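Enquirer: One letter stands for each residue in the lines below.
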Amino acid sequence: MLTPNPIARGLATLLALIGTFLARDAMLVVVVYLLVLLPLLACLRLTRTHTKFVFVGVLPLAVGLVILWGLVVGAAPGSPHGSAPAEGVKHAILVSARLAMIAGLFQLCFLSLPFGELMGVLAKWGVKSDGQILIASAFTVWPELQLRAGQIVTARYARGLVKNRSLLTTARQLPFLLRPLLTWALHTGILRAEMWHQQNLLEKAREASPPRNGTVLGSAVFVIAAAAWLAVNLFPLIR
Amino acid sequence: MIKTTKATEGIKSQESGVRALPNRHLLLALIPLGMAVNLGVGSIAQMIKLPVYLDAIGTIAMTLLLGMRAGILVGVLSFLIGGLLVSPVLPWFSGTQAVIAIYVALVARRGAFKNTIRVILTGIGLGVVAAIVSAPVIVAVYGGVDGSGASVITAFLIASGKQVITSVFLSGLAVEPVDKILQCLLAVWLIKGLPKTILRRFSGGLLEPNNLIKQEKQ
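Sequences listed follow chains A and B, in order.
Each residue of the first sequence is one higher than the last, beginning at 307 in the working numbering.
Each residue of the second sequence is one higher than the last, beginning at 2 in the working numbering.
FYI, nobody ran anything at the bench for these hints, they're computed from the structure.
Treat the hints loosely; a few may be bogus.
[Said to hold, decoys possible] Covered by chain A, according to a simulated footprint, are these stretches of chain B (three or more residues, beta-carbon under 8 Å): (1) 78 to 84; (2) 116 to 125; (3) 174 to 180; (4) 194 to 205.
[Said to hold, decoys possible] Between beta-carbon pairs, the in silico distance windows are: (5) B/Lys-115 with A/Thr-309: 52 to 60 Å; (6) B/Thr-198 with A/Gln-457: 19 to 27 Å; (7) A/His-493 with B/Lys-115: 23 to 31 Å; (8) A/Val-337 with B/Lys-115: 56 to 64 Å; (9) A/Ala-534 with B/Ile-118: 27 to 35 Å; (10) B/Ile-118 with A/Asn-506: 45 to 53 Å; (11) B/Arg-110 with A/Ala-348: 45 to 53 Å; (12) A/Arg-471 with B/Val-153: 30 to 38 Å; (13) B/Thr-117 with A/Thr-309: 50 to 58 Å; (14) A/Glu-450 with B/Trp-190: 19 to 27 Å; (15) B/Ile-118 with A/Pro-486: 24 to 32 Å.
Quick caveat: nothing in here was measured; it's all calculated off a predicted structure.
No residue lacks a Cβ here, since even glycine has one placed at the ideal position from N, Cα and C.
Required output: the full structure, derived from the provided sequences and hints.
Expert: Set out below in structure tokens:
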């Protein structure tokens, strides 16, 4: 019922991103993140993806920023060193919350789309057919690479070259992964290009399923909410 | 439409050695794979807390194989999409990736990847360029300290009374050249290790001036 149309989806994301980037109040960003963004992600069943992303990408960064701004620098940017550790911590929280929020907004915009509709939405945003194919391929190739890297490690394990399958031991296989991965990438690329050419797939991709139109109500709700978020953050800067 | 480079104009089929593939198909197939290499290696380096980034190997390798435009696309798109899947820090540095591809393409035309000494010098230059381009982004987005390994140096420089932008630039200069030397060496090592049948498909571009592939006699 609240699905926005592609244009509203793009516009709402853009407004919300600008609003988040302009935000200067750490508490406000945290509150909006917890009370608006997280429930929205949960409704779209993206909680697991987002939580994993936050734990791996945002939390370690947040801890580092709090230590650096709060303890080492001991002040917010532009203030004398050691003058206000609490302000430094507040700045670290603001940066981390903004990054989590921006990541969540992007995930809400792109990952909530059924994959078959991605190219249609990109087309509505004015992305040319080559751009659509590149972006769509980029989303599919990442799991493919993870699978291939896993296969290489498994093969080394089977040959007795890897002692155990702990995270650290697996990560130490990096030097042995590089060459097979690049060779695989180029070889697959060449084969894929030949197949695309033979089957005329690039032309067929243009006829990809069009995106759902969405509802007027859904479009209006998202755009108004994003515009309000932008206004809330813009107003203190103008004043 | 993606414009093609000399590298992809000379692509020949494996069987006949004559039939040329449409360049657009090959570029569209290879760019996402280059992005995957960028993100894959970069995220492993990040996961095991290596003191280097290793997130531009795909950009450097693809620039050498496919040319500047493809390199820019690999770098920029991998960092934009990496912001969704890998780390929220990445999208802000997509401009740095574009500059890396441009720099690599420009110096590679003059044989900057010909031997190890040249590759090391190229890496140092690339590190300086990357530090210059990244510094304003780190100041604008994070206020100067972004939680990476170089941030500790930045924090101490700020604490010692230096200006934020100067501190970020100096800490970048301390870390980036080492990282970029390593990435350039790895990219060349990777390309040299590719099967000749695959490498031959990328002849006519930046590989020959750098002795990464032997020029075929007419």
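Enquirer: A separate judgement is required for each hint: does it hold in the structure or not?
Expert: Against the structure, the hints:
1. 78 to 84: holds (count 4)
2. 116 to 125: violated (count 0)
3. 174 to 180: The restraint on the region 174 to 180 of chain B is violated, since only 0 of its residues have a Cβ under 8 Å from chain A and three are required.
4. 194 to 205: holds (count 5)
5. B/Lys-115 with A/Thr-309: 52 to 60 Å: At roughly 56 Å between Cβ atoms, A/Thr-309 and B/Lys-115 fall inside 52 to 60 Å, so the hint holds.
6. B/Thr-198 with A/Gln-457: 19 to 27 Å: holds, 22 Å
7. A/His-493 with B/Lys-115: 23 to 31 Å: holds, 26 Å
8. A/Val-337 with B/Lys-115: 56 to 64 Å: holds, 57 Å
9. A/Ala-534 with B/Ile-118: 27 to 35 Å: violated, 59 Å
10. B/Ile-118 with A/Asn-506: 45 to 53 Å: This hint holds: roughly 48 Å between Cβ atoms.
11. B/Arg-110 with A/Ala-348: 45 to 53 Å: holds, 52 Å
12. A/Arg-471 with B/Val-153: 30 to 38 Å: Given about 33 Å between the Cβ atoms, the range holds.
13. B/Thr-117 with A/Thr-309: 50 to 58 Å: holds, 56 Å
14. A/Glu-450 with B/Trp-190: 19 to 27 Å: At roughly 24 Å between Cβ atoms, B/Trp-190 and A/Glu-450 fall inside 19 to 27 Å, so the hint holds.
15. B/Ile-118 with A/Pro-486: 24 to 32 Å: holds, 28 Å
Checked against the numbered hints above, the structure breaks hints 2, 3 and 9 and satisfies the rest.
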